[in-house]
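Student: Here is how the chains run, residue by residue.
Number of protein chains: 2
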Amino acid sequence: MMREAPLPPGSTIGILGGGQLGRMLAAAASRLGLKTHIYSDEDNAPAFDVAAEATVAPYTDTQALEHFAASADVVTCEFENVPAASLEAAGRAAKVFPPPKSFAVAQDRLAEKDFIAGFSIGVAPYAGVESLDDLRSGLARVKLPALIKTRRLGYDGKGQALIRVARDAEDAWAAIGRVHAVLEGVVLFEREVSVIAVRGQEGTLGFYDPVENVHENGILAMSRVPADISASTAFEARRIAGAIAEALGHVGVIAIEMFERADGSLIVNEFAPRVHNSGHWTLDACVVSQFENHVRAIAGWPLGDTARHSDAVMTNLIGADVEQWRALAAEPGTAVHLYGKAEARPGRKMGHYTRLYPKR
Amino acid sequence: MMREAPLPPGSTIGILGGGQLGRMLAAAASRLGLKTHIYSDEDNAPAFDVAAEATVAPYTDTQALEHFAASADVVTCEFENVPAASLEAAGRAAKVFPPPKSFAVAQDRLAEKDFIAGFSIGVAPYAGVESLDDLRSGLARVKLPALIKTRRLGYDGKGQALIRVARDAEDAWAAIGRVHAVLEGVVLFEREVSVIAVRGQEGTLGFYDPVENVHENGILAMSRVPADISASTAFEARRIAGAIAEALGHVGVIAIEMFERADGSLIVNEFAPRVHNSGHWTLDACVVSQFENHVRAIAGWPLGDTARHSDAVMTNLIGADVEQWRALAAEPGTAVHLYGKAEARPGRKMGHYTRLYPKR
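Protein chains in written order, with this note's numbering: chain A, 46 to 405; chain B, 46 to 405.
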């Protein structure tokens, strides 16, 4: 890619999506003297509170998208399920990063598996499923227990069903709505690890230290760094993350979730072509956070230092957990982050807190 | 003071002043799920980019101030020279912190000296000046060289003149505009130190580690932490800062500038009842920054941890210095902050950068 000049301070970053990720991206952009314009389909999106401009319109409104993009010097996304046509509409009026391929692969669980497996990175046994017959023949290959997941638009445990025994197959197929899906063998693992990487427009790569994640009810509950993994596993995790970012020609932050098996080997579960919940600790434990590094990458700035000055444990505040804010705010060594969401619905990410510890 | 409930997430902080301090306060408020409404007399004030609401009106427009304050749950200031009548106007519609006394004392250099000297904290020899005769008699007491400073509205080296020899007196008196002034003996000192303290509504005090400051042309150039002072001097610096904050009944962040003399004793130069340039390093080297702690204090939240996880050197980007942004952004261990100001006028604070080092 041609070396282009970085966007100077005063430029505008357009962000599709107005949730907590957009909010923290906007705050990070402000550190660099950059303005943000947030596009959301919701009134009162949390990111509006820290942005210079806001547009409320559906993600399918190509005219509004073009108008929005025309006001920005570069456009990015806080979520991966933005329709390809929306990205194209924005792309007619501004540069868009990450590039289309990152979204296309991440939006389709089967394409994602094929892509990752295609260059000899381990994945769970899987099979594409377009019918109940496919599902039955797939089960013979991937073994029980298995998960069936819709190919598109699933996150945080939605759009998937567990198949424990063969007779669950029909119910599972019904549960996900009989849509194109991918069947995955459930893999035993010791721990879930993720790597937050960032890739610049000229191909420079940066990596935060691998994180150990704990999920509850299909939602990330806690991320801890350093992960309790060997130096060689950490090295391999980074290699995998770099290989995926490279192969996508990705620009911006990308999060790769992996499982470490008992033998120390890693398989990739999935990736998200964006800033990620398992990287929130970087706000408080690193010189430059994942949010700022994403902004730097898409704005053509030099990538920032990903070094970690502290050990950290990040815990999400889900739904009513947020009521703990006052007690948490009083705890030493604790940074509290609340997302400005009015209603604490069950399962909704309302905030997080990060406890810092001296580096071991 | 009665114990009141802290402002819940979703509340609005009104900030008088829209410069870089307001901008960083607004970004800090957003971490806590709080919204901000910025009041500035300038179009396109830097803080507008990260605020939910903005009002552009003169600081003397009491109707606009009342309207602004009515939209906020608490009002604060990013600068100390806001007129008392403006604070009163805001106070008719919302709580205002810091309290009026902090502003009244800080706005008048003579009142400030009297206040500090009043409880046996060292200050430079000084004398109130209302006429050329006062000035001449004052010089006999404070000794040469001396500085004459207007009692009101001076900052960053403006509104003051140096008197080296007695015959300079008349010119100096003319240079400051023959207004009520304070004459100060120029004190020899080893270094300038500042302490950033924060005081909560219930009187709780927090202190950041003392900072060593270097000024150039009357403007802060660099702040370094830890300061090269003994543990007992650091203890004394903190004691002085706490005594001043207490005596004012201050709520919020307060910055106290002191000189360390060759014998290790401290004299107070001045204080600012607000977040301060010499505390910008706390954004990157502490769990909770001065900006967030100011917001916590005025919102009635528990104060946040002021502990420092790293050593730090903060350097201001003044005027054309800001052109270094691209090179600085590429430096390891360096956090770059730009304020979103369009025009890099000489002497204008355009940004700063903080280099972090492992704690010694």
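A portion of the hints provided could be inaccurate.
Said to hold, decoys possible - A partial selection of chain A residues facing chain B, derived with a Cβ cut-off under 7 Å:
1. 260
2. 262
3. 332
4. 350
5. 383
These aren't lab readings, by the way, just hints derived from the structure by calculation. Ideal placement from N, C-alpha and C gives every residue a C-beta, glycine not left out.
Student: Indicate, hint by hint, whether the structure satisfies it.
Tutor: Evaluated hints:
At a threshold of 7 Å, the smallest CB-CB gap from residue 260 (chain A) to chain B is about 24 Å, leaving the interface hint violated. Because the smallest distance between the Cβ of residue 262 (chain A) and any Cβ of chain B comes to about 23 Å, over 7 Å, the interface hint for this residue is violated. Checking residue 332 (chain A) against chain B by beta carbon gives a least distance of about 6 Å; that is within 7 Å, so the hint holds. Interface restraint check: residue 350 (chain A) against chain B, minimum CB-CB distance 5 Å, threshold 7 Å, status holds.
Taken as an interface hint, residue 383 (chain A) checks out: its beta carbon lies about 3 Å from the nearest beta carbon of chain B, inside 7 Å.
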